[in-house]
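Residue numbers (the working numbering), protein chains in the order written: chain A, 231 to 346; chain B, 93 to 204.
Misleading hints may appear alongside valid ones.
Claimed, not checked - In silico DSBU-like pairs for lysine-lysine, Cα to Cα no more than 30 Å straight-line:
#	chain 1	residue 1	chain 2	residue 2
1	B	K128	B	K162
2	A	K241	B	K128
3	B	K143	B	K128
4	A	K287	A	K300
5	A	K287	B	K128
6	A	K300	A	K241
7	A	K287	B	K162
8	B	K162	B	K143
9	A	K300	A	K283
10	B	K162	B	K201
11	A	K287	B	K143
12	A	K241	A	K287
To be verified - Far from chain A, by Cβ distances over 12 Å, these chain B residues were calculated:
#	residue
13	M103
14	I105
15	E107
16	S112
17	G145
18	S149
19	A170
20	S174
No lab work stands behind these hints, which were simulated from the structure alone. For clarity, every value in this text was computed on a predicted model and none was experimentally measured. Backbone N, C-alpha and C fix where the C-beta goes; we use that ideal spot for every residue, glycine too.
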Amino acid sequence: DAGITQSPRHKVTETGTPVTLRCHQTENHRYMYWYRQDPGHGLRLIHYSYGVKDTDKGEVSDGYSVSRSKTEDFLLTLESATSSQTSVYFCAISEFPGTDDRTEAFFGQGTRLTVV
Amino acid sequence: GQQLNQSPQSMFIQEGEDVSMNCTSSSIFNTWLWYKQDPGEGPVLLIALYKAGELTSNGRLTAQFGITRKDSFLNISASIPSDVGIYFCAGQLSSGTYKYIFGTGTRLKVLA
Numbered sequence: 231d232a233g234i235t236q237s238p239r240h241k242v243t244e245t246g247t248p249v250t251l252r253c254h255q256t257e258n259h260r261y262m263y264w265y266r267q268d269p270g271h272g273l274r275l276i277h278y279s280y281g282v283k284d285t286d287k288g289e290v291s292d293g294y295s296v297s298r299s300k301t302e303d304f305l306l307t308l309e310s311a312t313s314s315q316t317s318v319y320f321c322a323i324s325e326f327p328g329t330d331d332r333t334e335a336f337f338g339q340g341t342r343l344t345v346v
Numbered sequence: 093g094q095q096l097n098q099s100p101q102s103m104f105i106q107e108g109e110d111v112s113m114n115c116t117s118s119s120i121f122n123t124w125l126w127y128k129q130d131p132g133e134g135p136v137l138l139i140a141l142y143k144a145g146e147l148t149s150n151g152r153l154t155a156q157f158g159i160t161r162k163d164s165f166l167n168i169s170a171s172i173p174s175d176v177g178i179y180f181c182a183g184q185l186s187s188g189t190y191k192y193i194f195g196t197g198t199r200l201k202v203l204a
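Bound conformation, chain A alone (with noise of 0.2 Å):
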């Protein structure tokens, strides 16, 4: 398995206050991506980094901010919570592919937050 640590696991907060979730990798890869996921939705783009420093939005980026100051952490802040963000949310990781082009993004566990 991929060294990839997703916490909190579980978090339940309240409308309208800021949360952060934090993503931890042991894998020195270039590339790290913040996706959530809803039933009927799959799994969607919020922010992916390809660098410290260095953040791009997906397709679902409004209302989240990201930051990544170390190669090993990605981390998603909500900066106002709303019922419409409660979801599963996944970090994911891939490497800066070789000559051959090739490479895979692999996944954390994900963390289940609701929002009251």
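Given chain A, work out where chain B should sit, using these hints.
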């Protein structure tokens, strides 16, 4: 947002039957990945495909990268109860951004 069309959404099959599912898109992909997700867990990579027309097996699983690079197929032969779960396809766009776009998943239930 961009998403892959994955079908079927769900299927109930008898143990021992073969299973087929597919993903299609209007975009061209550089890589196709297939994952399985068990309840309460993260997706686990099953098969990775990198070339148009490529056919790759992993035990009872076989996946193919479509010739047009816009689709991919996953087959499971002789299904067993532990095949139960949600199967996702994912495509990596050819733009070099290394973003992965996911299908909506196929929920597989195997009846013993």
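Quick one: work out the minimum CB distance from B/S174 to chain A and report holds if it exceeds 12 Å, violated otherwise.
-> The claim stands: B/S174 keeps its Cβ more than 12 Å from every Cβ of chain A (closest is about 18 Å).
Does A/K287 pair with B/K143 here, judged by a C-alpha cut-off of 30 Å?
-> holds, 28 Å
Is the Cα-Cα distance between B/K128 and B/K162 30 Å or less?
-> holds, 21 Å
Exclusion check [B/I105 not at the chain A interface, CB over 12 Å] = The claim holds: B/I105 sits with its nearest Cβ about 21 Å from chain A, beyond 12 Å.
Going straight from one Cα to the other, do A/K300 and A/K283 come out at no more than 30 Å?
-> It holds: about 8 Å lies between the C-alpha atoms, which stays within 30 Å.
Verify that the Cβ of B/A170 lies farther than 12 Å from every Cβ atom of chain A, and report whether the claim holds or is violated.
-> holds, 26 Å
Assertion that B/E107 lies outside the chain A interface [Cβ separation over 12 Å] | With a cut-off of 12 Å, B/E107 remains clear of chain A, as the shortest Cβ separation is near 26 Å.
Quickly compare the C-alpha distance for A/K241 and A/K287 to 30 Å and report which way the hint goes.
-> holds, 24 Å
Far enough from chain A: is every CB of that chain over 12 Å from the CB of B/G145?
-> Holds, since 16 Å exceeds 12 Å.
Take the C-alpha atoms of A/K287 and A/K300, compute the straight-line distance between them, and say whether it is at most 30 Å.
-> holds, 19 Å
Straight-line alpha-carbon gap A/K300 to A/K241, limit 30 Å = holds, 24 Å
Would you check whether the claim that B/S149 is not at the interface survives, using Cβ distances to chain A and the 12 Å cut-off?
-> holds, 17 Å
Checked against the numbered hints listed earlier, the structure breaks none of them; every hint is satisfied.
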